[in-house]
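K.L.:
These protein sequences, in sequence, are chains W and C. Residue numbers for the first sequence follow the numbering used here, beginning at 1 and rising by one. Residue numbers for the second sequence follow the numbering used here, beginning at 222 and rising by one.
In short, the hints are calculated from the structure, not lab data. Just so you know, not all the hints are guaranteed correct.
Stated by the list, open to error - One side of the interface only, derived from the structure: several residues of chain W facing chain C at Cβ under 7 Å:
hint, residue
1, G23
2, N111
3, E115
4, L127
5, S162
6, L172
C-beta atoms are modelled at their ideal positions from N, C-alpha and C, and glycine is treated no differently.
As a plain string of letters, each chain reads:
There are 2 protein chains.
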Amino acid sequence: MGRTSDAREKILTAAQSLIELRGYSALGVAEICKAAGVPKGSFYYFFASKEALALAVIDEHWAAQERDWIRVLRGDPEPLLRLRQLFEETENIQRSGQQSCGTVSGCMFGNLTLELSNQTEAIRARLQEVFDAQVTMVESVVAEARGRGEITAADDREAARSVVAQLEGQVLFAKLYNSPRRLDALWANCLALLGARVPQDAAEAPASSAKDAAEGVPAGA
Amino acid sequence: MGRTSDAREKILTAAQSLIELRGYSALGVAEICKAAGVPKGSFYYFFASKEALALAVIDEHWAAQERDWIRVLRGDPEPLLRLRQLFEETENIQRSGQQSCGTVSGCMFGNLTLELSNQTEAIRARLQEVFDAQVTMVESVVAEARGRGEITAADDREAARSVVAQLEGQVLFAKLYNSPRRLDALWANCLALLGARVPQDAAEAPASSAKDAAEGVPAGA
Chain W
1 MGRTSDAREK
11 ILTAAQSLIE
21 LRGYSALGVA
31 EICKAAGVPK
41 GSFYYFFASK
51 EALALAVIDE
61 HWAAQERDWI
71 RVLRGDPEPL
81 LRLRQLFEET
91 ENIQRSGQQS
101 CGTVSGCMFG
111 NLTLELSNQT
121 EAIRARLQEV
131 FDAQVTMVES
141 VVAEARGRGE
151 ITAADDREAA
161 RSVVAQLEGQ
171 VLFAKLYNSP
181 RRLDALWANC
191 LALLGARVPQ
201 DAAEAPASSA
211 KDAAEGVPAG
221 A
Chain C
222 MGRTSDAREK
232 ILTAAQSLIE
242 LRGYSALGVA
252 EICKAAGVPK
262 GSFYYFFASK
272 EALALAVIDE
282 HWAAQERDWI
292 RVLRGDPEPL
302 LRLRQLFEET
312 ENIQRSGQQS
322 CGTVSGCMFG
332 NLTLELSNQT
342 EAIRARLQEV
352 FDAQVTMVES
362 VVAEARGRGE
372 ITAADDREAA
382 RSVVAQLEGQ
392 VLFAKLYNSP
402 RRLDALWANC
412 LALLGARVPQ
422 DAAEAPASSA
432 KDAAEGVPAG
442 A
């Protein structure tokens, strides 16, 4: 089965690149197979439909991103600094994408949400699971910060939702203006949304936004 | 030219509905003409291409939304309350859309940004103009609030960008969860992002979120 599972990987990789570049609706199975270098018969051996492929692409992309989020959000620094690291890594990923394909491709989950969530219930449900998981991870960092008396937001989960919403909104702008620097605002925005003070260690951390953060700027800047 | 300009309007109206339901890439000119009840020849009399139609749909939709934003953001109440009214009207529009077609369709400009902004430069440029105009309108309300000593955010334009980004992010969630109530969080989020106190008149205004706002909740709730 070595060659067969190789074909599945090739299809998934090609589909992910094409979806990031051009969305889902504009793609055909024939084009995906051509980009993957596999015969069309292989496609239907592995995937019942284009929708089944989209679900597999979401799962694969989330499996990788979830590992990154767990590494960062359960890491060593104090809780709010982990959120800052998450924003910096997100900006770096968008910058790398821009360098390799010329444009900021944005968040695949956000892209597919706006393109597809009101068209296929299976994809909507899967994307809800992804965003629920993101919010839950941020929520537990928020709860930890609350335990240290660092935030004043009323409700951990609502605050976490607002942080993830701000992330999606700024990634949308990063894509629209083809500028990863739009994400520089995320750290100050997050502190404002959480009603947080700037962590004492922030000035020591090697962050591009450390200066603004140290000045306690509520929004953007 | 009576009939002819009627055909153009029919095409625009049909295209706007179809784009809101299913995005741009999935649509064909034949389908748009069928929904509009006009012959395909009429389409190419008015529009050089599907992209030209998309630009006209954006212009038409923005012309209407800009009138609404101007009415609200240059209205009578004190500046921060105008922003609250903008969020409430946005939620009402999303709720009406949900009632008429079963699902929250989200923000057409956000939808098209994530679907198309890195595929066609003409559409990217037009969508940038729309969001620049939105940010400028919010910025002038923020400046007015600053003049009254009501906010502490460092920079009016950056703060306005963050408010519009939060709006787009929460509208994304409203679409994903098919729930206009996701937009309830916008007012408290906006106050947090601006570093604003709750306006004194807030409790008197007939707003669904007045209670939360009066409690000065930093994020969501």
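K.L.:
Take the hints in turn and mark each one as holding or not.
P.N.:
Status of each hint after checking the structure:
| no. | hint | verdict |
| --- | --- | --- |
| 1 | G23 | 5 Å, holds |
| 2 | N111 | 5 Å, holds |
| 3 | E115 | 5 Å, holds |
| 4 | L127 | 6 Å, holds |
| 5 | S162 | 4 Å, holds |
| 6 | L172 | 5 Å, holds |
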